[in-house]
Structure formats: C-alpha cells, structure tokens
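Guided by the hints, dock chain B onto chain A, whose structure is given.
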Amino acid sequence: MLPRFGDLESTFALMDELRRRMHRVWDEVDPSWQGASSPGSRALSASAFPRINLYDGGSQLVLKADVPGLSEKEVQVALNDAGVSISGERKVVAPEGYSAHRQERSNVKFSRSLTLPCKINPDQTTASVKNGVLTVILAKATEAQPRQITVRAQ
Amino acid sequence: MADNTDLVRRRDGSAEPVQRQRDTVVPPVDVYENSEELLLVADVPGASHDGIDVQLEKGQLTILAKRGEETAVAAVAAEYRPRDYFRVFSVPQGIDASKIDAQLNAGVLWLRLPKQESLRPRRIDVKPG
Numbered sequence: 015m016l017p018r019f020g021d022l023e024s025t026f027a028l029m030d031e032l033r034r035r036m037h038r039v040w041d042e043v044d045p046s047w048q049g050a051s052s053p054g055s056r057a058l059s060a061s062a063f064p065r066i067n068l069y070d071g072g073s074q075l076v077l078k079a080d081v082p083g084l085s086e087k088e089v090q091v092a093l094n095d096a097g098v099s100i101s102g103e104r105k106v107v108a109p110e111g112y113s114a115h116r117q118e119r120s121n122v123k124f125s126r127s128l129t130l131p132c133k134i135n136p137d138q139t140t141a142s143v144k145n146g147v148l149t150v151i152l153a154k155a156t157e158a159q160p161r162q163i164t165v166r167a168q
Numbered sequence: 054m055a056d057n058t059d060l061v062r063r064r065d066g067s068a069e070p071v072q073r074q075r076d077t078v079v080p081p082v083d084v085y086e087n088s089e090e091l092l093l094v095a096d097v098p099g100a101s102h103d104g105i106d107v108q109l110e111k112g113q114l115t116i117l118a119k120r121g122e123e124t125a126v127a128a129v130a131a132e133y134r135p136r137d138y139f140r141v142f143s144v145p146q147g148i149d150a151s152k153i154d155a156q157l158n159a160g161v162l163w164l165r166l167p168k169q170e171s172l173r174p175r176r177i178d179v180k181p182g
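Protein chains in written order, with the numbering used here: chain A, 15 to 168; chain B, 54 to 182.
So here's chain B without its partners, still in its complex pose:
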C-alpha cells in the first residue's frame, strides 16, 4: 500500500499516473441531481476550509480534502489514522465550471455543479390558437 501513484483513466481510454503526496482515503459521497445542478455531498471529517481543493478539468472532477490535525502524542487506542481524502469523478458535459460552488459544513462537503443554461429544461407556454 506504499504506492503513491494512482491511475486516472481518461475518457479516451488512456491512463495516466497521478502523483500524490500522502496516502489518501476515499470518502463516501452522495450524488444528487435536479434540473438545475448536480449536487455532491461528501463526508470529510477533519478537513478544514483551506485544505479543500476541487478541480474540474477535461470532464474529471477531482476532490482533495486535507486533514489538518496531526497529533504528536502517542495513541493509547486507535481505530483510524487521520488521512487526506481524495476522489475523482467523471462528470457529464455541460457543467458550468466557473460556477461550481463548494461549502464545508461540520465535516461535510457540499459541491454544487450548475448545469449550463442551454441544458436546463425550458417550459414552453402553449398559447390558444
């Protein structure tokens, strides 16, 4: 498990290694959608605002959340090791990358990915003839 590289598969089938600085864990994520946006909810306890890095590039949404706290004292009993969170999603075309909104609340990251205007459903009024 000492391998720090991870293969990220591109859409065209090629794979490329991505260097990571530290060992990471995969956070559990909920994905929701409505007509306006995609909503991702991720559990990232221990991560702080400035430790979160979200990027959308070539259809790949990368979420990195760094856990700040490191305890120097020895653990008497330990069930987990505080580790950074890392996850990659392929997102569909038509997400407005400039309008992605990220909010962190009580260790839960809320990511809103608004759809482009042209993809949103439009109601057509039917006029009486």
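Looking at chain A on its own, in the form it has when it is part of the complex:
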C-alpha cells in the first residue's frame, strides 16, 4: 500500500511554510534590498499580488510582475493619466479525479495601480506574458526622456 504523500513530507511542511514566510519578511526588511541600488528607489508593499518590479531603462520604463498560470488573455493592462493598472484573476482548479494532499497555490483576483514617475507615450506601450511573468514596456513621453547635453569648452 502506498503511504500517504503528505504524511511523509510533514516534517518538511512546517519548515517550508516557515521558510516561505521568512523570505517575504526578509524582502520587506532587508535594507540592502529596499535600497535597490539607487537612492530614489523605494520598496512597495511586499504582500500584494502580483508583486511588481519597475525598472528604468532610460527611454522606457519596464514593469515586471509574476503572474504564474496566467496567459496574456487573462491579464489586463490599462494606462491612464496617473499611471498604469494591471488586473486579472487566477483560478486554481483541482484536476478532475484526483484527491488533494496539499494545496498551497491559491485563487487570486487582483487589481493593482501604480503611479509612474513620468509621462508615458501610450501608443508605444507594449505588454507580454512569458513563462508566467508579465512584462509591460512603457515608452516615456518625449519630454520625459533623458536628453544629452553637450558640454562645450569656452
């Protein structure tokens, strides 16, 4: 007879859960991480879903979010004056005919809005999902793009 899967793993289960929670805590308090290499940067709430990273690529902003299990059709990205919002819903459906030993993945319905640090050109904004990661490329408006000033000798 096959022993129950969960029972064998129960010694690890508590540790795993603890580890997972600790990781979240560390992400919130780790100052080296919050500082994220540039002085103007800040950490957002770490308990939100999906968690978002925003990068500045010079002429564009790049937003990344972990949306495991969601396809491009199931994520909505909207731009408005204030910034960008992403929304969607993930349903975890137990496969038919199986009994569940453990369920750690959860259903989430989410909607998050971000205020962006500069103006965006909506026409050149693209969004894609690959391997469960949403990437939104937000082209900066012309006036917000960095401009090189030539320094002349006098």
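Simulated from the structure, these hints should not be mistaken for lab results.
A few of these clues could be false.
Here are some, though not all, of the chain A residues that point toward chain B, as calculated from beta-carbon distances under 7 Å [what the hints assert, rightly or not]: (1) L28; (2) D30; (3) R34; (4) D80; (5) S113; (6) T164; (7) Q168.
To list a few chain A residues with every Cβ distance to chain B over 10 Å, as calculated [claimed, not checked]: (8) I66; (9) S99; (10) S120; (11) G146; (12) Q162.
Straight line, CA to CA, 30 Å or less: simulated BS3-like cross-link-like pairs of lysine-lysine [as the list claims (entries may be wrong)]: (13) B:K152 <-> A:K123; (14) A:K144 <-> A:K105; (15) B:K152 <-> B:K111; (16) A:K87 <-> A:K123; (17) B:K152 <-> B:K119; (18) B:K119 <-> A:K144; (19) A:K144 <-> B:K152; (20) A:K105 <-> B:K111; (21) A:K133 <-> A:K87; (22) A:K87 <-> B:K119; (23) A:K105 <-> A:K133; (24) B:K111 <-> A:K123; (25) A:K144 <-> A:K133; (26) A:K105 <-> A:K123; (27) A:K123 <-> A:K144; (28) A:K133 <-> A:K123; (29) A:K144 <-> A:K87.
Predicted, not measured: the structure shown is a model, and the values here were computed from it.
Ideal Cβ positions, reconstructed from N, Cα and C, are used throughout, including at glycine.
Showing chain B alone in chain A's frame:
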C-alpha cells in the same frame, strides 16, 4: 541568510548538507493523487524549460527551477528579487522514476509521477458460479 547550505534529512535520520549555488525560494506546490499517479503542481514564474532540473533519488524528489532573466538596469521600485526555486519532497516507494513527466506551462510546472504497475488498483471481475 547568507548560508548557502541546506540540510536534507535522509530517511534513516541522518542529515547531509547540500550545496546550493544561489539563494533560492520555496515555490508553492499543490500535490494531487489518483490511482495512476501523483501530480505536483508548482508555481515557478520566470523559469524556462531548460532551467528546470527534477531528480528522484533515494526517495527524495528534488525540484530546482532556475530563473533566467536578470535585469541589469536599476529598479525604481521593487517588491521581489528574481530568485531560483528549490524544493525537496519525500516521495513514497513505488514511483516509476523512469516515467516521471515534467511540463512547464505559463510559469507553472506540472510533474507527473506514475505509480508502478503493481501498485495500481486492479479490478477483479466476479464471475457467476
């Protein structure tokens, strides 16, 4: 949290350190079972096909999923750090290791661990006497 070694406890009670190259996170996993197989479903967003390593050895199922993307540009705001996923399960005897099937779909890893033939339930026909 800089410790890169992790203790994996063997079934006989002994523990042995396992070296890891990078800091990892524990992915959430669902475990299902039917008469044919065990099914593990893990959220590993950002991992690609070639970054996934699944091993079954001495009753220990090890799942390592590497996140490929590294962004060189500075983050303006950051809520997570892209990290590899790592998790170890003890699996019961009677799993057909050669037939384990792994599929990655939209950042979700589906692992099918078929039970050996001898463990599957068999229907016995009752014949009229």
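For each hint, the structure was consulted:
1. The closest approach between the C-beta of L28 of chain A and any C-beta of chain B is roughly 12 Å, which is over the 7 Å cut-off, so the hint fails.
2. Nearest Cβ of chain B to the Cβ of D30 of chain A: about 5 Å, under the 7 Å cut. The hint holds.
3. Look at R34 of chain A: its Cβ gets to within about 5 Å of chain B, closer than 7 Å, so that hint holds up.
4. Checking D80 of chain A against chain B: minimum C-beta separation of about 4 Å stays under 7 Å; hint holds.
5. With a least beta-carbon distance of about 6 Å to chain B, the hint placing S113 of chain A at the interface is held under the 7 Å criterion.
6. A least Cβ separation of about 24 Å between T164 of chain A and chain B goes past the 7 Å threshold, and the interface hint is therefore violated.
7. Nearest Cβ of chain B to the Cβ of Q168 of chain A: about 34 Å, over the 7 Å cut. The hint is violated.
8. Some Cβ of chain B comes within 10 Å of the Cβ of I66 of chain A; the nearest lies about 5 Å off, and the non-interface call is violated.
9. With a least beta-carbon separation of about 15 Å from chain B, S99 of chain A lies farther than 10 Å from that chain, consistent with its non-interface assignment.
10. Taking the minimum C-beta to C-beta distance to chain B, about 8 Å, the non-interface status of S120 of chain A is violated against the 10 Å cut.
11. With a closest Cβ-Cβ approach of about 2 Å to chain B, G146 of chain A is found to fall inside the 10 Å limit, against its non-interface label.
12. Every CB of chain B lies more than 10 Å from the CB of Q162 of chain A, the least distance being 18 Å, so the non-interface label holds.
13. Distance hint between K152 of chain B and K123 of chain A is unfulfilled; the C-alpha atoms sit about 36 Å from each other, more than 30 Å.
14. Annotation: proposed proximity of K144 of chain A to K105 of chain A holds, straight-line Cα distance about 18 Å (limit 30 Å).
15. A distance of roughly 16 Å separates the Cα atoms of K152 of chain B and K111 of chain B; the hinted pair therefore holds under the 30 Å criterion.
16. Our distance criterion of 30 Å between C-alpha atoms is met by K87 of chain A and K123 of chain A, whose separation comes to about 15 Å.
17. Taking the CA atoms of K152 of chain B and K119 of chain B, the gap is near 23 Å; set against the 30 Å cutoff, the hint holds.
18. A C-alpha spacing of about 15 Å is found between K119 of chain B and K144 of chain A, which places the hinted pair at or below 30 Å, so the restraint holds.
19. Between K144 of chain A and K152 of chain B, the direct Cα distance comes to roughly 28 Å. Compliance with the 30 Å bound is thereby established for this hinted pair.
20. Restraint check for K105 of chain A and K111 of chain B: the C-alpha separation of about 35 Å exceeds 30 Å, so the hint is violated.
21. Annotation: proposed proximity of K133 of chain A to K87 of chain A holds, straight-line Cα distance about 26 Å (limit 30 Å).
22. Proximity of K87 of chain A to K119 of chain B is assessed by CA-CA distance (about 25 Å); at most 30 Å being required, the pair is judged to hold.
23. Pair hint K105 of chain A plus K133 of chain A does not hold up; C-alpha atoms about 34 Å apart against a cutoff of 30 Å.
24. Distance restraint check for K111 of chain B and K123 of chain A: the Cα-Cα separation of roughly 40 Å exceeds the 30 Å cut-off, and the hinted pair is therefore not satisfied.
25. Restraint check: the Cα-Cα separation between K144 of chain A and K133 of chain A comes to about 26 Å, which is no more than 30 Å; the hinted pair holds.
26. Using a Cα cut-off of 30 Å, the hinted pair K105 of chain A and K123 of chain A holds, with the two alpha carbons roughly 8 Å apart.
27. Only pairs whose Cα atoms come within 30 Å are accepted, and K123 of chain A paired with K144 of chain A is accepted, the gap being roughly 20 Å.
28. At roughly 28 Å between alpha-carbon atoms, K133 of chain A and K123 of chain A fall within 30 Å of each other, so this suggested pair holds.
29. For the hint linking K144 of chain A to K87 of chain A, the alpha-carbon distance of about 12 Å falls within 30 Å, and the restraint holds.
Hints 1, 6, 7, 8, 10, 11, 13, 20, 23 and 24, counting from the list given before, are not met by this structure.
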